[in-house]
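Protein chains in written order, with this note's numbering: chain A, 1 to 406; chain B, 407 to 655.
Hints are all accurate, no fakes.
Dumping the calculated DSS-like pairs for lysine-lysine here, alpha-carbon to alpha-carbon at most 30 Å:
1) B:Lys528 <-> A:Lys5
2) A:Lys191 <-> A:Lys152
3) A:Lys117 <-> A:Lys160
4) A:Lys218 <-> A:Lys154
5) A:Lys117 <-> A:Lys191
6) A:Lys154 <-> A:Lys117
7) A:Lys153 <-> A:Lys117
8) B:Lys528 <-> A:Lys9
9) A:Lys176 <-> A:Lys153
10) B:Lys485 <-> B:Lys495
11) A:Lys5 <-> B:Lys485
12) A:Lys9 <-> B:Lys485
13) A:Lys160 <-> A:Lys218
14) A:Lys91 <-> A:Lys218
15) A:Lys154 <-> A:Lys176
16) A:Lys191 <-> A:Lys176
17) A:Lys17 <-> B:Lys528
18) B:Lys640 <-> B:Lys410
19) A:Lys393 <-> A:Lys9
20) B:Lys495 <-> A:Lys13
21) B:Lys528 <-> B:Lys410
22) A:Lys13 <-> B:Lys485
23) A:Lys393 <-> A:Lys17
24) A:Lys176 <-> A:Lys152
25) A:Lys191 <-> A:Lys153
26) B:Lys495 <-> B:Lys528
27) A:Lys5 <-> B:Lys495
28) B:Lys634 <-> B:Lys644
29) B:Lys495 <-> A:Lys393
30) B:Lys485 <-> A:Lys393
31) B:Lys410 <-> B:Lys634
32) A:Lys9 <-> B:Lys495
33) A:Lys13 <-> B:Lys528
34) A:Lys191 <-> A:Lys48
Selected chain A positions facing chain B (Cβ under 8 Å, derived; list incomplete):
35) Asn6
36) Thr10
37) Lys17
38) Asn18
39) Ser319
40) Val320
These aren't lab readings, by the way, just hints derived from the structure by calculation. Beta carbons are placed, not taken as given, at the ideal position from N, Cα and C, and that holds for glycine.
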Amino acid sequence: MLQLKNVLKTAFKSIFKNRMRSLLTSLGIIIGVSAVIVMVSIGEGSQKQIEEGIQSLGTNLIVVFPGASRSGGVSRGAGSFNRFTFEDVEKIDREAALISAVSPVVRTGGQIIGGGKNWFTTVFGVSPAYFEIRNWELQDGEFFSERDLRAKKKVALLGKTITDELFAEQDPIGEKIRIRSVPFTVIGVLKSKGQSGMGNDQDDVILAPATTVFYRLKGGRHVDMINASALSVERIDAAQEEMRAILREAHRLSPGDDDDFTISNQAEISDAASETSRIMTLLLGSIAGVSLVVGGIGIMNIMLVSVTERTREIGIRLSVGARSIDVLIQFLTEAVILSLSGGVLGILLSFIISIILNRFTELVAVVNPQIIIVSTLFSAAVGIFFGFYPARKASLLNPIDALRYE
Amino acid sequence: MENKSVIDVRQLIKVYQVGDVAVHALRGINLTVSAGEFLAIMGASGSGKSTLMNLLGCLDQPTSGEYFLDGVAVDALSKNEYADIRNQKIGFVFQGFNLLPRTTALENVELPLMYDRLHRIKNPRQSAIESLERVGLGDRMDHIPNQLSGGQQQRVAIARALVNEPAILLADEPTGNLDSRTSLEVISVFQELNSQGITIILVTHEHDLANYARRIVELRDGIVLKDKLVPTRKNARKDLEVYKQEENQ
Ligand SMILES: Nc1ncnc2c1ncn2[C@@H]1O[C@H](COP(=O)(O)OP(=O)(O)OP(=O)(O)O)[C@@H](O)[C@H]1O
Ligand SMILES: [Mg+2]
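Generate coordinates for the entire structure from the input sequences, incorporating the hints supplied.
Structure (C-alpha cells):
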C-alpha cells in the first residue's frame, strides 16, 4: 500500500491531465443524478399540488348529485323526483343535526359582458353557506347575505380569473356586468384558489344568489346539486346517512326504492384524486428510473472507451514496478472522486432546475432528500463499478500484455 | 566482483499458445551476463529477441527454465515480488518509449519512485532531476512527451529506467523508431552509462549499432546461435562528432 497522500495526488493529477475524459465521465453522473432528482421532485410537487387542490374544495364536504349512482333498472324521466328543490335544501338545513352548513348549487354558464370586454364562464347560484362549505375567501368587497338571497338581488362575486380578464385596470366593485344580458352588480372579488386537483381553473367562476340564478337566468327549472359541510370529518359518514334519510323522506321514497340521488364526500373524492396522483408519481418515477439507467449506460460507455488508453497506462505502471493492488487503489480513488464530484454537481444542477421550474413554469418541484441520496449512490455505484472493473481486469494482466493491449 | 553474474538463464523456454497452434518462441536459451557488461542481442525478425527481453525484464513469465537475477531465483517469486523486482532491479527501455501522455518528463521519470516501497531512493525529486541530467535533458524537465523529439522521448525513457538505480538496463530496439543520427545519440548515452558501471542489454537489428557493445549474442529460432566479443569496439561519442562535422560541411 502506498501512502494515501500519494494516492490522492496521483488520482487528482490523472483527473486533471485527462480533463475531457474526466468531464465526460462526470457528465454522465451529473445528468443521471439531476434527471432523477428533478423528475421525482416534479412528481412529488404535483402530488402536493393535487392534495392542496383537494383541500381547497372544502373540508368535510358532502356533495349530492341527482340521479342514482347505479343505473340499474328503469331510468326515470324528467319530472319525477330526481331533481332537487329549494325545499329539499331547507329541509336538510332544518332537520340535519350533523350538518353545519348546506347550500343549493344552481349552475349555468354563458357570456359575461363587463368593463367593455366579454368572457365565457360558469355561474354558480348558491346560498351564503356555500362560502363556508367551499372555503371561499374574499379578496375585496363583501359576500351577499341571506337577505340578498331572499330578495333575489342581482349581485355577483367574481373569481380571480374573470376579474383579471374584465377589470384588469379598474376596481370591479360596484361595476355592472351582464350575465347573458341580465345586469348584475359586482359586490366582491374572491381570493384565488388556483388549479383544482383535476387541473381545472377554480377561479374562472361567478358566484351569485341561488334564487337570482334560478329565476332570472335558468327560468326556475331545478337545483343541480347540493353541497353541505359535515360537523366534523370523523362524523362525515353519519352526516351522509342523515342527509340520505332526509332526502329520501323529502322525495317520498318507500323503503324498497333505490335512492334517486348520489351522495359522495370529500374522502371519496380525494381517494380518486390521490389514486390519479399516485399513478402520475409512479409514471414520473419510472421515467426517472429510465433516465438513471440511460445515465448509467453513458457512464459505462465512457469508462469502457477509456480503457484502451488506461490499459496502456496500467501496463506502463506495472512495468516500472506497480503491484496490482496499487493500480486498483489508484483507479478506485479516481472513480470515487469523479462520481462524488459528479454527484454533488448533479444535486446542484437539480436544485437550479427546480428553482427555474418553480419560477417560470406551472410545474412544482419539491426536492426530496431521500431521492438525492438514492440517485447519488446509484450513479456513484455505476461509475465506480464500470471504472473499476476494467481496471481490475487490466491490473491482473502480465505487464507486457497490458502494454500490448489494443 | 567483475565476474559476478547479474543474469544467469538456463534452458529458458517460452511457448505462446495461439488457438490450437503452439508458437515456440524460445527453445532453450542459456545465457550469462556479468556485472558491467554491454551486451547486444541480434537476430532475424521473429527469432525471439523481444520474447527473451520481456522474460529478462520480468514483464512476462517463461513456460519453463531457470532465471537468476542478481543471484535471486526469479521464477519462484510471487506476482507482487515480481513487481518489486521490476521496480528495484530492472530498468526497461521500449522501442515505443511507453511514456505517460500529457505528463511531464520529470513526472514520467518519477513514476517508478512512486512504487519504491522500501524507500531505497531517499530524495525522489532530486534523483529524477539527476537522472534526466544524466541523459542530457536537464533543460526539458517540464516538457510533455509530444513536445519532445523521438530521441528526446527515448532519453526520458532511459532516465526513467535509470532512476531507481537498477542492477541492469534492458533496451528492446530503443533506436527502432529513430533516425541514424538520433540512434547514435541514444547509443552514446548507453556507452556513457556503461562506462559508469551499469550493465546493459540492447536488442538491435543493426550490425553497426551492435558494434558499440562489448559482446554480441545472436539468436535464431529461439536458441543462441552465436555468442562473441566485439573485436574492435566503436565509440559513439566520437562517431557522433564526426557525424556533426560532416553535417556542418
Ligand atoms: N504474444 C504473442 N503471442 C503469440 N505469439 C507471439 C507473441 N509474441 C511473440 N510471438 C511469436 O514469437 C516469436 C518470437 O517473437 P519475438 O517478438 O520475440 O521476435 P523478435 O525477435 O523480437 O522479432 P522482431 O525483430 O521483429 O522484433 C514470433 O514467431 C512471434 O510471432
Ligand atoms: Mg522484437
